[in-house]
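Take these sequences, add in the hints, and give me the full structure.
Here are the chains, one letter per residue:
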Amino acid sequence: MTPASSESTIRGSRVKGLNCPGCGAALTVRGFEHTISVVCPQCLAILSAKDPDLQILQKFADNTRITLLIPLGSRGKWKGTDYEVIGFQRRTFEVDDTEYSWSEYLLFNPYKGFRYFTEYQGHWNDVHTVRALPQPVRSAVSKAQVRHNGVAYTHFSTAQARTSYVLGEFPWQVQRGESFAVRDYVAPPLILSSESNVSEITWSAGEYVDGREIWSAFKVPGTAPRPVGVFLNQPSPYAARMGSIWGLCGLFLFLAVLVAIAGFALASNKEVFSDHYRYTAGPEKEPSFVTPVFQLDGGSSNIEVYTHADLANNWAYFSYALINEETGQAYDFGRELSYYSGYDSDGSWTEGSNSDTVTLSSIPGGRYYLRVEPEVAPGLQSMGYSIRLRRDVPGFGYFAVIFVLLLIPPAFATFQRFGFEQRRWAESDYAPVKEEADDGVTDGSDD
Amino acid sequence: MSERVANCPNCGAQIKFLWSSAIQTTCEYCHSILVRRDVDLERVGVVADLPPDSSPLQISSEGKYQGKPFVVVGRIVYSYGLGAWNEWHLMFTDSTSGWLSDAQLEYDISFLTVPPAPLAGFEALVCGNRFQWNGGDYTITSITRARYRGVQGELPFEYWDKSEAPFVDLRTVDGRFGTIDYSDEKPLLFLGESVEFDDLSLKNLREFEGWR
Chain X
38 MTPASSESTI RGSRVKGLNC PGCGAALTVR GFEHTISVVC PQCLAILSAK DPDLQILQKF
98 ADNTRITLLI PLGSRGKWKG TDYEVIGFQR RTFEVDDTEY SWSEYLLFNP YKGFRYFTEY
158 QGHWNDVHTV RALPQPVRSA VSKAQVRHNG VAYTHFSTAQ ARTSYVLGEF PWQVQRGESF
218 AVRDYVAPPL ILSSESNVSE ITWSAGEYVD GREIWSAFKV PGTAPRPVGV FLNQPSPYAA
278 RMGSIWGLCG LFLFLAVLVA IAGFALASNK EVFSDHYRYT AGPEKEPSFV TPVFQLDGGS
338 SNIEVYTHAD LANNWAYFSY ALINEETGQA YDFGRELSYY SGYDSDGSWT EGSNSDTVTL
398 SSIPGGRYYL RVEPEVAPGL QSMGYSIRLR RDVPGFGYFA VIFVLLLIPP AFATFQRFGF
458 EQRRWAESDY APVKEEADDG VTDGSDD
Chain L
751 MSERVANCPN CGAQIKFLWS SAIQTTCEYC HSILVRRDVD LERVGVVADL PPDSSPLQIS
811 SEGKYQGKPF VVVGRIVYSY GLGAWNEWHL MFTDSTSGWL SDAQLEYDIS FLTVPPAPLA
871 GFEALVCGNR FQWNGGDYTI TSITRARYRG VQGELPFEYW DKSEAPFVDL RTVDGRFGTI
931 DYSDEKPLLF LGESVEFDDL SLKNLREFEG WR
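First to last, the protein sequences are chains X and L.
The first sequence begins at 38 in the numbering used here and counts up one residue at a time.
The second sequence begins at 751 in the numbering used here and counts up one residue at a time.
Because the hints were derived from the structure by calculation, they are not lab data.
Nothing here was measured: the structure is a model prediction, and the numbers come from that model.
Hints are not guaranteed to be accurate.
[Said to hold, decoys possible] Here are the computed lysine-lysine pairs in the DSS-like style, where the Cα-Cα straight-line distance is at most 25 angstroms:
#	chain 1	residue 1	chain 2	residue 2
1	L	Lys912	X	Lys87
2	X	Lys114	X	Lys307
3	X	Lys116	L	Lys814
Put into structure tokens, the structure is as follows:
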């Protein structure tokens, strides 16, 4: 005469032969004594599983049914534990007179308890209730944050969600039309949600999962529907890509720096000509002169021309021609120098410079001389100046080009990632402009 | 720890004590509630049929908590709304006792604790009230007027003849758990933490048709 409840083996009540008191349809109960409400699969009436007569708690004239993506009774191994799908509910909320619905599949294991798969537009989450209290984070950020298990979650949206459709069984008294305030906080791929009404608050934690994993674990016929749009805690496919592209970019930049350093080390940077001159105004003065011949070594390389003039509130213009003695090939260029200084109410000021450097690239080796034709501001009687030529000087030019080119791919990846995050947050309470609800419109009672 | 044997004063059946410090037990056969008075057992009442439940635990289930082995020696059953839950009484090998609460397969383990300050009256408490105990910042998460439904096996105190069992449950941000039992004049404080099924290395569990 031991109580039935202390038997060592618990018989499933699926064999009890239960029938709906409303329509007589056969009922299955999979959750043993945990089941408190069970829904008649035929007339959709909600029955009290704890009542020996299966009292009808709610019945509906409209028995339009929703086709479940994962059938009730499906079993699969999930995170090392066998679970059976025993219940289904659809939760519906409204935004600007448009209804949106998500689905919740209740999973059961007689030792480990309950967990949920939630689905919206092909996006799935593996959800379980949490008992440790999430902790509000005081932060200066505009969006509220809560911390749970060392992860900070950012508030995404708050909606009033009502239970619009139920099937199967539940370890609580389920009721169509019952409404909870649902607050979602995200840290992709994780989500933390609270559901509250006047008397209670329940927290749950979820992780984004690929529907295909569920399909294979629970041997669901067919294929998982393709997800539509970006879901609130969907991990960004661009986040990892962006990271690796930035990594590659960094590597190439490092190599480019090495090449540039090697270029500096290997450049001969040799002075090939240097001299000082004095310009004096006068009609007898030749307007131009040529320097002695100098040798430019090696093949094609650059040459740096440095000009310095003793200027004080004046300007000078130098017409140059670098001429190959053997071929007569001439490279013409001109440099203007001007230097002004003075005092005003703000103190001393200067403008311009009395020296100038220019680099001519790709000058073949050979014997050269420079033709110089200085021209000065009218009235300038005398001016000292110097010219210095260096062969094969190290330069930043190529490096700058490589640097810019290397930044293009990661910049693009960053842009893509930013775009993904924009699409994610466009569905939140923080969207700058409410987007047109062109997808995701599902009426809770037909599907 | 010697196994002690006595006979039920009501039906004469043999009563085996798993835990030498048990104050109360039940007779498996006639459902009498038996309380130790010195060396004798006194029959103080009878247990009504317990509500059917599907906890995987049973008397004599074994497990480990923080490396310490325990045996399930008794339980108190409560109901709330349409559901029921069990407070399983655990006996650890060092003869201390603890409680494993199984509410719809969510498990919390706790130990009777002397509160550092007298506990407030049940009526004075509301959800959200906070308390500092043993370095934990506890917040009241639920206030429940549960019903006492019965007992089974060995308990560390007399616990019978109850009807309403007001409970206050508390949680912390780091997963600690507390509960205050207001069923007696002097409230009892239990502190512990939430645990996962897999953390307890449970053995000798009930079996469920169609599973495993």
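**Asked** Going straight from one Cα to the other, do Lys912 of chain L and Lys87 of chain X come out at no more than 25 angstroms?
**Response** holds, 23 angstroms
**Item:** Holds or violated: Lys114 of chain X to Lys307 of chain X, with C-alpha atoms at most 25 angstroms apart
**Value:** Distance ~75 angstroms between Lys114 of chain X and Lys307 of chain X Cα, so the pair is violated.
**Message:** With the threshold set at 25 angstroms, check whether the alpha-carbon distance from Lys116 of chain X to Lys814 of chain L stays at or below it.
**Reply:** holds, 22 angstroms
Violated hints amount to a single one, hint 2; each of the other numbered hints is respected by the structure.
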